[in-house]
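Asks: Next come the chains, spelled out residue by residue.
Protein chains: 4
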Amino acid sequence: MHYFSDNATPVSPAVMAAIAAADCADHGYDGDAWSARLDGAFSALFDTSVHALWIATGTAANSIALACLCPPYGGVICHEDAHIVVDECGAPGFFTHGATLMPLPGEGAKLTPDVVADRLKTIRPDVHQVPARAISITNATEYGLAYSPDDVAALGDLARTHGLGFHMDGARFANAVAHLGCAPADVTWRAGVDALSFGCVKNGGMIGEALLFFGEQAAARAAEAQRWRKRSGHLFSKGRYLAAQILAMVEGDLWLANARAANAAAQALAGGATGRLLHPVQANELFIRLSADEAAILRAQGFDFYDWGDDAARLVTNWSQDAASVAPLAQALRALPDG
Amino acid sequence: MHYFSDNATPVSPAVMAAIAAADCADHGYDGDAWSARLDGAFSALFDTSVHALWIATGTAANSIALACLCPPYGGVICHEDAHIVVDECGAPGFFTHGATLMPLPGEGAKLTPDVVADRLKTIRPDVHQVPARAISITNATEYGLAYSPDDVAALGDLARTHGLGFHMDGARFANAVAHLGCAPADVTWRAGVDALSFGCVKNGGMIGEALLFFGEQAAARAAEAQRWRKRSGHLFSKGRYLAAQILAMVEGDLWLANARAANAAAQALAGGATGRLLHPVQANELFIRLSADEAAILRAQGFDFYDWGDDAARLVTNWSQDAASVAPLAQALRALPDG
Amino acid sequence: MHYFSDNATPVSPAVMAAIAAADCADHGYDGDAWSARLDGAFSALFDTSVHALWIATGTAANSIALACLCPPYGGVICHEDAHIVVDECGAPGFFTHGATLMPLPGEGAKLTPDVVADRLKTIRPDVHQVPARAISITNATEYGLAYSPDDVAALGDLARTHGLGFHMDGARFANAVAHLGCAPADVTWRAGVDALSFGCVKNGGMIGEALLFFGEQAAARAAEAQRWRKRSGHLFSKGRYLAAQILAMVEGDLWLANARAANAAAQALAGGATGRLLHPVQANELFIRLSADEAAILRAQGFDFYDWGDDAARLVTNWSQDAASVAPLAQALRALPDG
Amino acid sequence: MHYFSDNATPVSPAVMAAIAAADCADHGYDGDAWSARLDGAFSALFDTSVHALWIATGTAANSIALACLCPPYGGVICHEDAHIVVDECGAPGFFTHGATLMPLPGEGAKLTPDVVADRLKTIRPDVHQVPARAISITNATEYGLAYSPDDVAALGDLARTHGLGFHMDGARFANAVAHLGCAPADVTWRAGVDALSFGCVKNGGMIGEALLFFGEQAAARAAEAQRWRKRSGHLFSKGRYLAAQILAMVEGDLWLANARAANAAAQALAGGATGRLLHPVQANELFIRLSADEAAILRAQGFDFYDWGDDAARLVTNWSQDAASVAPLAQALRALPDG
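For the record, the sequence lines run as chains A, B, C and D. The opening residue of the first sequence carries number 0 in numbering that gives the first Met the number 0; numbering runs sequentially from there. The opening residue of the second sequence carries number 0 in numbering that gives the first Met the number 0; numbering runs sequentially from there. The opening residue of the third sequence carries number 0 in numbering that gives the first Met the number 0; numbering runs sequentially from there. The opening residue of the fourth sequence carries number 0 in numbering that gives the first Met the number 0; numbering runs sequentially from there.
Just chain A, with the same shape it has in the complex:
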């Protein structure tokens, strides 16, 4: 059984059914009946007026969000382990026309207000230095930690005080919310978030994420994002097939149910890896100490995963699993000689 990534899984059956149901003639691009329901579906979910676009990938959603929040000569405060920094081949620089990422350290890939505030103090307000114009955080983080509503609000206060746009990469937003048990609104716009990349593919979708804008400037930013989406070749001819997937996720509870399953699987694994955990397990990723010998033992039993540097490994669970289905690996972890 593979624990490489949640993007290696099949598609959630309800999503496949939604795709099949959308397989008819309708207007092209986003002129169809499904795309027209996105704003409403997300407004209901977030308990406020939301402007929503389907977008091909999380990288595109992040980059288009940043392009709407930060000018080419501006900077984006972010974590040094953020996906936008290490795994997007410079996509934010492409979409923002050269804006500068400003990576900062922080435990578990979480940004803290102190570190951000200190960084902001170092920037002279002259034309020689790149001014910070946005903050971007990932929730759940790249190390599987969740920002709580208070965590986000503290950064949101900083953003407002300094006139910075505030973006959240929510590739695993569902997993974070499932862990926090809060309303989606509490950890986003109520805490100052302006734009959210709402992930679907890792959570059981096939193709397509959602980009959401909140607040007073939402309509203007969404209109600009529509330009970027077209201009970057992301306006699909048959957008209904993306919209249908997203609606299947969020018009009901599927997004949350899938995330809960993945989280429960991760907790079950964590139970087998006591003493090995490099980070608390709050979403669907585990980072564990694991020697080469131990890894070999697990692989010999048919489990596979990515090594994470020396003597460590990353295990990612997904929507198609639950505590029971990962029990064999949990048991195998427990049974490791020095476990």
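Bear in mind the hints are in silico, worked out from the structure with no lab data behind them. Predicted, not measured: the structure shown is a model, and the values here were computed from it. Not one of these hints is a red herring.
Chain A residues, not near chain C, derived (Cβ > 10 Å throughout):
1. Ala16
2. Ala20
3. Asp38
4. Asp46
5. Pro102
6. Leu119
7. Ile122
8. His161
9. Gly180
10. Gln216
11. Leu297
12. Ala329
One-sided excerpt, in silico: chain C residues whose CB lies under 10 Å from chain D:
13. Met15
14. Ala19
15. Asp22
16. Ala60
17. Phe94
18. His96
19. Lys201
20. Ile206
21. Gly207
22. Lys229
23. Leu234
24. Asn317
25. Ser319
Ideal Cβ positions, reconstructed from N, Cα and C, are used throughout, including at glycine.
Given the coordinates of chain A, assemble chains B, C and D onto it according to the supplied hints.
Replies: Okay, now just chains B, C and D, sitting in the frame of chain A:
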């Protein structure tokens, strides 16, 4: 019955089946078994070594191709009615970092060697002027005409002589080949084409086109294109769902069969529109003279389509039709009072 | 004697003196005493509050102006013979991150309201097409014609109606004003111009043009332009040497006196070229019919200039000349066998 | 007396004389007699075939060099205190179309091979990560230290091994060479440097730096740089005034003589600041511990300079000084109560 566009149609059943068949766990991005078969499938189809990538949309395929062929300070010779000029919101400028489109006139949206050669003569070889670095043509053209192998080769000669990259937008490549009855190779690399946007979505696909590179520089350009694909947010997490669609098209005859059906439907309509045709009908688009009154008569019978300026209309047929299924519209056209 | 271009001339003595007078220690960049006087000097000249920056070149001034007026996905209405189209190697595309120039025809390189209005009508207001966001005109034009205050105001009305920024390339603005005899204000902000590239180098300066912003958004646009100036490597360490040149031009009448001299020289030549003029002579450029044999006759007498296609030539006069100093060429033109 | 920066000084008299001598008519842009001598002058100075361009500013020279060495999806290894990182408002991102700076730590703003090699090891060779494509160092560094020929060669070896372009920001190259006493060639191309921003303005020039390319690809890169220079608005109409300044510097010993004077002044100050130095003094910059009270004492005596964070100051000497002229400040430093 709608004749708005071939992108408003449902997905070809074989493509839906291929998607379902790919619905399992595999490696992410393009590390899966389906993506690995693309080079081979297209190499067989084109009778030469081809480097192929799946790409989200035709706009992206065109733009990434141009980014591989033309530097930011270069120019792209193209037709003034080309999709890259009028319908992509400046996407080529985005991907090429500001390269200049050099639009030229030509009957039926076809570029002719004379017009191209004349334009090239006007460019001074100093640093003040933008040097032409690529030619881009659309086959079939935006007005439904096909470039024959000889047509393409004449432009290919110009390209080689002047050191220009040569790109073909093949959003309706299948329709062109179905009309020409030639080998795909004859109208592409054997005629000097370096890069082809091979369209699938208008021809029965759901999401995903192919970008092909031919010739000695194919491997290097494809490697660069992979960077652009990632950097522009087009590297899907679950690329197997795109690859599977494309393979369903080209590992058998589906791409050609679908195009033949659409073309046959167009010919049937053309038979009903004798005397009205603004351009020869060679693919699956008709541009016809049609007064407002005539359009109203047709719409009253349940046919719909786009007006094309004053007193003209565009009718697009698609893979799900054939001569029989469009017979009612052909008859209605014939029956128009002044038809 | 050479009539190649007004950029081949030496520097006006008063400008050289100003440079020498600025040769002392002061703060770097634009923190010096000379740079601080620019806003005031231009505000006085234009009879309104002006925000002014020194800029390295006219190409940079034009491009930075356009970057402040047009987003990357927007278009700039301009003449097909405009310097920004044919002589800047795509610089506007570089600075605007890929905005689209929308070249239009017009006698003598002048845009007319009708042509602009017709072009605007062709643009669909959907995301597939590039929306026009700015108009750029050159005054005096590339063919030496001046836009009158009424000419400019008619385009300014269009710009305001359609929400377009309005830029004027004034590489030879002084020559235009000298010809028109109007207040500088009349042909710029009073006629709707938002940004002016105010040329100095062709008019006797050494290095440095001025970029001026007018109107309610002037301060915001100038602040943004300061970012672009730095970001594009145009913020000189010793900016005082540029500011001093510009002030030498505009704190007195030098800019106008120099332009009048050049214009008078052009008129004197025009008097010798009756019947040969391809365009009215309103500034300091003449475009004349001239066969290869005639050109050879003139060159044999020591006059030189650029051929302008077949059987035509361009003669450019400059600030260091006057009617008397160009009398020999005027006479030589008159004396041509078929003159 | 001010010690703010070497860009606040007047122009070297020989440079002013060269400007005056160039004040005549010649061809525009870089078609003049002075510009034509640049390649030869630098080839003589560097004892190899050099391709040289005049460029407006150091920021532009650095950025254009990087644009020639690094693709938009690549990264530039550099020091975290480098001018390109902290003082150019993101200009490298603008010129490279979004390439990623990869800042690293190092004593005295010097990069060391170990730190660079470690960073290179962290980069996965997949399309998700930005590949390093260039190294950029500053010599003398932003803290006034010189890289020796061996220092540079060690980095040059790394660059060659990893296929990276190698750029040197030489805003104070003359000061470094004056300190090292080596041949210019030894610390540049013989040590693997591909492109050098050769500074003039801080060393007594008015406007204009030189960008030099070495090695087999020099001609191709210089040709590309000429495109970037034009496209970024840096191709001055009257380039002869820049070329003349640069020639005045390098056809004789002026560049070295000026740097020696500045360095000697810095050594004299260092002699007065024993025990206060935060970095060794090898060029013309001193960074010293200095309390607010001490700074006030010096300022009361008419000396001024920039504070450098808390309890520190930066003193920059320049070409117009020597040991004698800065003796009063050296003495004042010595006389500080706790000095």
